[in-house]
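Enquirer: Heads up: the sequence lines are chains C and B, in that order.
Under numbering that gives the first Met the number 0, residues 0 to 305 are what the first sequence spells out, in order.
Under numbering that gives the first Met the number 0, residues 0 to 140 are what the second sequence spells out, in order.
Just so you know, not all the hints are guaranteed correct.
[Claimed, not checked] When the alpha-carbon atoms are kept at most 30 angstroms apart in a straight line, the in silico BS3-like pairs for lysine-lysine are as follows: (1) B:Lys89 with C:Lys199; (2) B:Lys97 with C:Lys158; (3) B:Lys25 with C:Lys198.
[Unchecked claim] Facing chain B, according to a computed beta carbon distance under 8 angstroms, are these residues of chain C, among others: (4) Thr49; (5) Ser82; (6) Val83; (7) Glu104; (8) Gly105; (9) Ala106; (10) Leu108; (11) Val109; (12) Pro183; (13) Arg187; (14) Ser190; (15) Asp195; (16) Gly201; (17) Tyr204.
The hints are simulated quantities; they were obtained by calculation from the structure and are not laboratory data.
Note that the Cβ used here is the ideal one computed from N, Cα and C, for glycine as well.
Residues per chain, in single letters:
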Amino acid sequence: MRHLISPLDFTVEELDTLMDLASDIEAHPEKYAHACAGKKLATLFYEPSTRTRLSHEAAMLNLGGQVLGFSSADSSSAAKGESVADTIRMISCYADICAIRHPKEGAPLVAAMHASIPVINAGDGGHQHPTQTLTDLLTIRSLKGRLSDLTIGLCGDLKFGRTVHSLIHALSRYTGIRFVLISPEELRLPSYVRDDVLKKKGIPYEEVASLDDAMPKLDILYMTRVQKERFFNEEDYVRMKDFYILDNEKMKAAKPDMLVLHPLPRVNEIAVEVDSDPRAAYFRQVQYGVYIRMALILTLLEVKVC
Amino acid sequence: MLNVGELNEGFVLDHIQAGKSMDIYKYLKLGQLDCCVAIIKNARSSKMGKKDIIKVECPIDMLDLDMLGFIDHNITVNIIQDSKIIEKKKLHLPKEIKDVIKCKNPRCITSIEQGLPHIFVLTDKEQEVYRCKYCEEKHKW
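Same shape as in the complex, but just chain C (with noise of 0.2 angstroms):
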């Protein structure tokens, strides 16, 4: 039984495999409709969502499968005091697979060292989130064509911007990749992706804090919103929060081919003006994120369809 915790839980290869089956599944949608019938996914929201939790809801009715969770800690029996291992030794009982997201770091990994199901991390704390990395991968490769030989350019929180972290993680396995990291002074990269991956892997990388100086050279802008609950400091976040605003003035200094992907929500970071430029391609990496899960799904749940 397999779990998806950390985005280098599947090799290279396998990556590769799981997103041939996303582009399959996204060509013919129709060959995947009852393939998971029968089977049920628990999505498991200790902190709000409304993206990731309805990517994995539709992803598993795409597949002709049932969902059943709750949504906010409030209305589990965490309220109670029950435990992350308590309460996922029941959930195994309910369903066939789960999707966790949990405001502490590692809840996942606690989750899935007790499940007798397979688990996927849908988010936890400011510290991983890999579903979303492998959307970011799909969607890049899909309209790249390619996850090799590009210069990434990640703006915004990247100190507890988990989706920038598990990123990184992911396309360091890559040839050729760079990172132009763009942030203020209070929310660069953490040590432990900046020493751990970058500098022990020899990946080129640059910390700046202009957006404009770094746009020209960007074949993809990873834009992140300041996210006002991991501040314990109302002030911090008031200073940070529209620190970057791409807007189109921007996108003039950018390359042709350049694409502009953000997790989502987005807040002030990416004018509304953007959206209709065809670089800007965040609505289209939503769509490849429920393609992803569904691939996902089918592979934990070791479900082939011929």
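Dock chain B against chain C, hints included.
Expert: Below, chain B without anything else, positioned relative to chain C:
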């Protein structure tokens, strides 16, 4: 040199960094042992200038070498039997340690679920970096 009576059976932890013996006493829970423990602080050392030494008179299988390796793998462990050194143990950095140190990250799941074991994994042998298995926070002394 101060002379502390010789051991019949037990171990001598030599080449402890000066001033660190009490930390080791605490981590190895030597205070809980019902046996003779001698701590020598700031002993003269040709190699280190000053060093600490701990002598413990107890059965030799009572020493947790993994934990000691984590605290300081440069310590020399002399195993004593019948008042003679029968073995000098070389310490290694353990790949994983359990319930020795606690994760200090307030966002880690271990901060709210008290029953979980605190597990740290060696992620960089050269830099001697241990990270929390759950949240990957680096352990800082």
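Enquirer: All the hints need checking, so say for each whether the structure fits it.
Expert: Hints and how they fare:
1. Taking the CA atoms of B:Lys89 and C:Lys199, the gap is about 28 angstroms. The hint holds against a cut of 30 angstroms.
2. Annotation: proposed proximity of B:Lys97 to C:Lys158 holds, straight-line Cα distance about 28 angstroms (limit 30 angstroms).
3. Restraint check: the Cα-Cα separation between B:Lys25 and C:Lys198 comes to about 36 angstroms, which exceeds 30 angstroms; the hinted pair is violated.
4. Against a cut-off of 8 angstroms between C-beta atoms, the interface hint on C:Thr49 is violated, since the closest Cβ of chain B lies about 22 angstroms away.
5. Look at C:Ser82: its Cβ gets to within about 5 angstroms of chain B, closer than 8 angstroms, so that hint holds up.
6. The beta carbon of C:Val83 comes within 6 angstroms of a beta carbon in chain B, closer than 8 angstroms, and the hint placing it at the interface holds.
7. With a least beta-carbon distance of about 4 angstroms to chain B, the hint placing C:Glu104 at the interface is held under the 8 angstroms criterion.
8. Nearest Cβ of chain B to the Cβ of C:Gly105: about 2 angstroms, under the 8 angstroms cut. The hint holds.
9. Proximity of C:Ala106 to chain B holds as hinted, the smallest CB-CB distance being about 5 angstroms (cut-off 8 angstroms).
10. The criterion of a C-beta within 8 angstroms of any C-beta in chain B is met by C:Leu108, whose closest approach is roughly 6 angstroms, and the hint holds.
11. Contact between C:Val109 and chain B, as hinted, is supported at the beta carbon level, the nearest pair being about 6 angstroms apart and thus within 8 angstroms.
12. With 8 angstroms as the threshold, the beta carbon of C:Pro183 stays out of range of chain B, its nearest partner Cβ sitting at about 20 angstroms, so the hint is violated.
13. Interface restraint check: C:Arg187 against chain B, minimum CB-CB distance 15 angstroms, threshold 8 angstroms, status violated.
14. Using the Cβ-Cβ criterion of 8 angstroms, the hint placing C:Ser190 at the interface with chain B is satisfied: the shortest such distance is roughly 7 angstroms.
15. For C:Asp195, the suggested interface contact is upheld, since its CB lies about 6 angstroms from the closest CB of chain B, less than 8 angstroms.
16. The beta carbon of C:Gly201 comes no nearer than 15 angstroms to any beta carbon in chain B, farther than 8 angstroms, and the hint placing it at the interface is violated.
17. The interface hint given for C:Tyr204 is broken, as the beta carbon of that residue sits about 18 angstroms from the closest beta carbon of chain B, more than 8 angstroms.
In this structure, the hints that do not hold are numbers 3, 4, 12, 13, 16 and 17, in rising order.
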